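*Asks:* Residues per chain are reported as follows:
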Amino acid sequence: MSDIVSDVLMLIGAIFLLLAAVGMVRMPDLFTRMQAASKASTLGIACVLLALAFHFPGISVNIRVIGTITFFYLTAPITAHLIGRAAYFVGVPVWKGTVIDELRGRYNPLTHHLGSDDGAADGAWEERPDQREA
Amino acid sequence: MTGLSIETIVFLMLTGAMTLAFVRVVRGPTLPDRVVALDLFAVLSTAFLTVYAIDTDQQVFLDVAIVLALIAFLSTVAFALYIGRRARDE
Chain W
1 MSDIVSDVLM LIGAIFLLLA AVGMVRMPDL FTRMQAASKA STLGIACVLL
51 ALAFHFPGIS VNIRVIGTIT FFYLTAPITA HLIGRAAYFV GVPVWKGTVI
101 DELRGRYNPL THHLGSDDGA ADGAWEERPD QREA
Chain S
135 MTGLSIETIV FLMLTGAMTL AFVRVVRGPT LPDRVVALDL FAVLSTAFLT
185 VYAIDTDQQV FLDVAIVLAL IAFLSTVAFA LYIGRRARDE
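Chains W and S supply the protein sequences, listed in that same order. Under our numbering, the very last position in the first sequence is 134; numbers go up by exactly one each time. Under our numbering, the very last position in the second sequence is 224; numbers go up by exactly one each time.
Derived from the structure by calculation, the hints contain no laboratory data. Small disclaimer: the values here were computed from a predicted structure and weren't measured. Keep in mind that a hint or two might mislead.
Residues from chain S that face chain W, not an exhaustive set, calculated with beta carbons under 10 Å [said to hold, decoys possible]:
(1) T164
(2) V169
(3) F207
(4) Y216
Partial chain W-side listing against chain S, Cβ under 8 Å, derived [said to hold, decoys possible]:
(5) A20
(6) R33
(7) I66
Far from chain S, some chain W residues (derived; all Cβ distances over 10 Å) [unchecked claim]:
(8) D7
(9) A87
(10) K96
Glycine included, every Cβ here is placed at the ideal spot set by N, Cα and C.
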């Protein structure tokens, strides 16, 4: 019984990880790619680790599996946020079909000031010269 | 099911996923693209180690997977700080 559960969970996790990698190649720009990579890969690795917990009985493996899953769920959004923020500041191009860019006009590349209101760039702001649509 | 066990199928799928992630590492037009792809590559390596632990009935590989996950997180954070600092210095 637990072997069947383990196999099914392992297969589901591998499918999610494969989908994350496919999204990594197929998605049009960095931010959509990050969306595929962080969400699908977190779910996939959680399923694979749960398969390990079902395969090995015993509390020590289960505790370590739970700790690792918690670690992945905590760190995946942090890394995605950090890379997305840094990439936006560098000026990574955004996909041409992007509907909304809430940070547009709120980041001043000269002073590196990021404000929450539209006047954060002190009027000297028009549009990022280095941010072109892909 | 003769010959192909479910672990082998999962290994093949993870290898294909690693190949796709590596395609993005090679092609990625900017540095953050490559960093994201390498992060995904580290997660895939962790999954590979976990499935290997199931395949060989060795619990030790779970510890290796945990260490790999920790190092992957730290390296990605370091890369993000480096990219941000480089944007600030320019």
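*Asks:* Work down the list of hints and note, for each, if the structure agrees.
*Replies:* Each hint, compared with the structure:
Taking 10 Å as the C-beta cut-off, the interface hint given for S:T164 holds, the closest approach to chain W being about 5 Å. Checking S:V169 against chain W by beta carbon gives a least distance of about 6 Å; that is within 10 Å, so the hint holds. With 10 Å as the threshold, the beta carbon of S:F207 comes within range of chain W, its nearest partner Cβ sitting at about 5 Å, so the hint holds. At a threshold of 10 Å, the smallest CB-CB gap from S:Y216 to chain W is about 8 Å, leaving the interface hint in force.
Interface hint status for W:A20: upheld, as the beta-carbon distance to the closest one in chain S is roughly 6 Å, under 8 Å. For W:R33, the interface hint holds, since its Cβ comes within 8 Å of a Cβ in chain S; the closest pair sits about 6 Å apart. The interface hint given for W:I66 is broken, as the beta carbon of that residue sits about 12 Å from the closest beta carbon of chain S, more than 8 Å. Against the 10 Å criterion, W:D7 falls within the reach of chain S, whose nearest CB is about 5 Å from its own CB.
For W:A87, the non-interface assignment is contradicted: its Cβ lies about 4 Å from the closest Cβ of chain S, within the 10 Å cut-off. Residue placement check: W:K96 keeps its beta carbon more than 10 Å from all beta carbons of chain S (closest about 15 Å).
In this structure, the earlier hints numbered 7, 8, 9 are contradicted, and the remaining ones agree with it.
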